[in-house]
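Peer 1: One-letter residues, chain by chain:
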Amino acid sequence: MSESDKLPTPTPISTPSLTPKKAVSVQKPPLAAAKNDKTSGPGIGVYVCHCGGNIADVVDVKGVVDQASGLEGVAIARENSFMCSDPGQSMILEDIRAGRVDRVVIAACSPSLHETTFRSLLVRADVNPFLVEQANIREQCSWVHHNHEEATAKAATLVRMAVGKARHLKPLSPVRVDAAKRALVIGGGVAGLRAARDLVGLGIDVDLVEREADLGGFVSGLDRLYPDGEVAGDFVERLVSDIEGDPRVTIHRSAEVRRVGGYIGNFTATIASGASSADQSADQSADQSADQSADQSADSTSASTSNVEVEVEAGVVVVATGFRPYAPTRREFGCGRLPGVVTLPDFGRMLADLPDTASSLEVDGRPVRSVGFIHCVGSRQLEGVHKPPKGGTLNKHCSRVCCTATLQTATQLRDRFADVAIHDFYQDIRAYGRGHEELYEQASRADVIFHRYAGDTPPKVRKAPEDDENGLLVNVVDGLTWGEELEIGVDLLVLSVGMTPGDIGTIIDNLKLATSADGFLQEVHPKLRPVEMAVNGVLLAGACQGPKDILESCASASAVAVKAAVLLGKGYVELEPYVAEVDSARCTGAGQCQEACPVEGALELVEEGGGRRAKVNPAICTGCGCCVAVCPSGAINVAGWTLDQFASMVEAITEGEEVAS
Amino acid sequence: MATRVNTRLLPEIKRYGAFDVSACFNCGNCTAVCPLSQDNDAFPRRMIRYAQLGLSDHLISNKELWLCQHCGECSETCPRQAGPAEFMAASRRYAISQFDPSGLARSLHLSTGRILLIMGVLGGIFASVLLWKSSGVPADSSAQFSTATMLDFVPFHVLHDVGMGLFALLGVIALMTLGNMLWMLAHAPVPGGVGQPDETPRRFPVGTALRAVGLTLSEVLLHRRQRDCDTEHSDVAPWPLRRWFLHLTMLVGFGGLAAATTLDFLFKDPDLHVMPWSPIRLLGIVSGLMFTYGTSAILIKRLVAQPHPDARATASQRYYAHTLKSDWLFLWLLWAVSVTGFILTAAIYLPVSAAWLYGVFLVHVVLAMELLILMPFTKFAHVFYRPVAIWYQHFRRLRQSAS
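As you go down the protein sequences, you meet chains E and W in turn. Numbering (the numbering used here) for the first sequence: 6 to 666. Numbering (the numbering used here) for the second sequence: 47 to 449.
Do not take every clue at face value.
As the list claims (entries may be wrong) - Each computed EDC-like pair below joins lysine to aspartate or glutamate, with the alpha-carbon atoms no more than 20 Å apart: (1) Lys60(W) - Glu446(E); (2) Lys465(E) - Glu489(E); (3) Lys60(W) - Asp452(E).
Because the hints were derived from the structure by calculation, they are not lab data. Bear in mind that the values here come from a model prediction, so they are computed numbers and not experimental data.
Full structure from sequences and hints, please.
Peer 2: Now the structure itself:
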C-alpha cells in the first residue's frame, strides 16, 4: 500500500501565473487535522532504538527513555532493540491505534535511512505521515562518541529537541502538480535520439531539438566505432530511422532552445528554428569543411530568414547536449602550425573519405610511411604543465573514450596499410570496457609500437630536417625504455583529443543547473540518482554529464526515458510539502521576501483582499527559507520547519544546559 | 642525445622464430619470473624493447642474450602469450647472423632451400677433394675393414691437409665473428640505458679476468645455469633425460672426441691398429658413446614432442614447438657424425668387411667437415658466444664488487 493511496483527491487551487494552464493543488490534510494542537490530542510517543548494540553500547537507552517520559506533551516513552523491525513497528502501531499517541518521535538512526519506513507506518495507522520526527542518536551520537554519560546526555538533548519540534508538527500533504506527458529533448546526438525513441516507446511525446541541420551529432562525423568496427553512419541512420516520421516525435532541426523555464510537469521552452547553422559550426571547429556548412545554410536558407520561434510544453527536460572535442592550441604538438598534425576525429574523416582502393595515405602530396598517435591531448591536464584557456579551467579529467578509439583507429589503419609504421604515445592505456583490452592486444599484434610518457613530460613535436625520411620528429621520454629520450619520425601525427563541456550556457542559466568542477553537468548523486539533476524534472543523457562512450550514452539515455516515465506516469507529480506558507492575515505586502527569493517564480506579490500579499507557488518553492528570514512581520513559515518549531528546539537545548549547570 | 627509433627490426627478428613477440606490452612479468635474470639484468623484457625500438646493436651486443637458457618459464607466465623465451632464441639466431658479415648464417637460418644448396655444394666439394687420390675400395671384398684400408680409400695426407686447411679457415672465421661480438660487448650500453656509453674502463684487471675465466669454466662444465632452469620446469623428466644432462653428455663427448682425435694425430702412426683399451682409443670410444647417446636422446625428444603452438602448452612443449630448420640442421649433423663414427669404430673391431662401410666413412668425414666449417654460422656458434657472455658477466660483477 503506498502513501498516496491513503491521501485524498487533490483539490485544485488557484493557478500560479507562470503556467496558467496547469492545475496545481495543495491538498487539505484531513488526517489528524483537528489534532494539530499539542493540547488537544493524546500526545507524543517517544520510541528509543537500541539498534542492536550500535546505540545501546554507548548510550544508556533506559536513561534516555526515563528522561523523555517526563517531557511536556509526551504520553509514552518506550525502547526496542530494533525499532525498524516488525516487533518495533507493531509496538508503535498499537500505541497509535489504541489512541495512546497521535504523533511520534523516533530516536534511532539517520532519517535518510528510515524516515520513509516510519512515515509509511503512520500511513498504515491512518495518521498523517508527516507527524513523525526522527532524532538521530546513532550517526550523530553513539557512533561518534565514547563517553557513556556525555553521549547519553547528548542523546537526551536530541530527543528533547525532537519532542519540542514534534509538539508543533502539523499534518502536511505533498504538493501535487498536473504533469504534461511530453518531454523536451535538447540535443539530437546518439543520446538524444536514443532517449527520444525510448520516451515515445513509454508513451511520452517528444520535442527533439538539434542545433545542426542533420541528426546524429558528433558520432555522425566518425568513421568506424569501437569495439566492433561498426560504420558510424549506419549506426546513426538506424537511430534516426527509428524516430523519423513518428508523429509522436517533433524534430526541430537547425534549432536552438532560446528560453526554458517552469518546473517538473510544467516546463515551457522557446525553440528558435532555422537558427543559422553556419554561425554555430564556425565557432565549434573552424577547420570543418567549408562546403559542408555551405550545404547546411543552403538547406535552411528559408528557415533562417524567417527564424521561427515556437513555444513547447514539457513535463520533463532531457539535456542531451553532448560535449565539444578539445581543440588543441597552436602551441600543442604543432597543431594547425605543422603540416600533418591532425586530431583523431579529423583522421577518422580522412580514413572515411579515402577510397577503398587507395593504396597509400598522403599528407600534402607526401606519402605517409609512419603515423603517430598521442593520447590524452586536452585530458588529464596538470597544473604548471598545461595552460588553461582564457577564463577557463584545466581539463583534469580522463576523457575515457580516446584510448580505445585510438586503438581502434590504429588497427583500422593497419588493416588498410600493412607497411605503415604506427607509434602510440600514451600515459596509461585505459581500455576498461568489454572488448577494449582485446583491441589493445590486437593493436600490439599489428605491430603498433607503444611509447609511454609521463603527464609532466608530454612528447615534443618539431618539423624534421629536409633530408629526413619523415616529415615530423617526435621526442618522448619513454617510461618503457627506462626513461630514455627517444626520437620517432612520423609523417602524420594524430592527436587523440579529449572531451570538454558543451557550450550550453543558456540552458544552464535558464534552468539553474549545477555543473561540477570540470564544467560538465552534475547529477544529484552519481550512484543513487545518476541521470537526475537537482532541479526536479531535468534529466541528463549522454556526454553532457561527463565523458561517456556511445554504449554509456545510450544506457543513460534509456535510463532517462524510464525515469521520465516514472515521474510523469501518474499524470501528476508529487513534491515535498516543505515549502513556504504565507499567513495572509499577517502579510503586509512589504515585498522583501520576493527580493530575497533565489528561485524565479517561486514567490510573487498579488493583489488580494484589497492589498498586496505574498503568494508562494509550492511547485517551484524549494523551501530554502530565505523569505522567512527577511519577513518583517513574521508572516511566512516553511511548512514542517516553522519558526515555532525552531524556537522549541532551541528551548530544548537550553533547558538541558540549565539542568547541567 | 635522443635515440632514433625504427620499426624495421621487429619484423626481421620475428622471422628468426619470435612469431608472437609483437603482442608484448612491456609488463616485465617475464623478467620477474626468470630464474637467471638477476642483479641489473633485465632480460627478456629489455631485449624485447630493444627489438621494438629497432636498436639492433643494443640487442646483439648484450651479454644477457646468451645468459638465457630457454627454460620457457617466461613464455608460460606471459599474460599476452608473446613468447619471450622464443624471442630470446630468435634473437640469438639473429645475433649469430649479424656477427657473420658474409650472410651465410642468415641464409642458413631463414631459407630451407639455401640450407640444402649449401650442404650439397659443400658436401660435393669435400667429397671430390677427399676422393681425388683415392685408391678405391679394396678389390678383395673379404679384406678386414680397418684403419689401414680406410686410409687407402682416402689417403692420409689428403685427409690431413684438408683438415688442417679447414681448421685454419675455421679459426679465421671464428676469430672474426667472435671479434665482432667482443667489440660489441665492450661497447655495449650499461644496463638501464640505451644511449649511454659504458663507463670508461681503467687499466684492464688481468687477475679479475682470470678469476672470471675460472668461474666460467666451472659453471659451464657443471651446467649450473641449465640446472637452475630445469628445476623450474613443471614437467621434469628423470635426470638421464633432462636437458641439462643430455647437453652435458654432448659437450663432454664432443670434447673427448676432439681430444682423442688431436692426441691420435700427434702421437699415433696413422696406419697402426690399436686395441680398444689403449688409453687414447678408450677415451675416444667412451666419448663417442656419450656423444651418440646425447645427440640421439635430444633428437628423439624433439621428434616425439608434438609441436604445440597452443598458449597453454607446457614449457618443454613450447620449447620444441619452435625448432627451426637451422636447429634441425645442427642436430641432425651432430647425430649423423656421431652415429657414423660409432659404426666405423665398431666395424674396426668386429670381423666385418663390406663395401658400404667405405661409403659410411666418406659420409662421416664429409659431414664432420661440414659441421666444423659451419660452426660459426649455425646454432653451434653458441659454443663461443655463451661462455664469453658468462665470462663477461662474472668479470663485470667481480669488478663492480671490487670497486
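Peer 1: For each hint given before, does the structure comply? Return the numbers of the non-compliant ones in rising order.
Peer 2: Going through the list in order, the structure violates no hint and respects every one.
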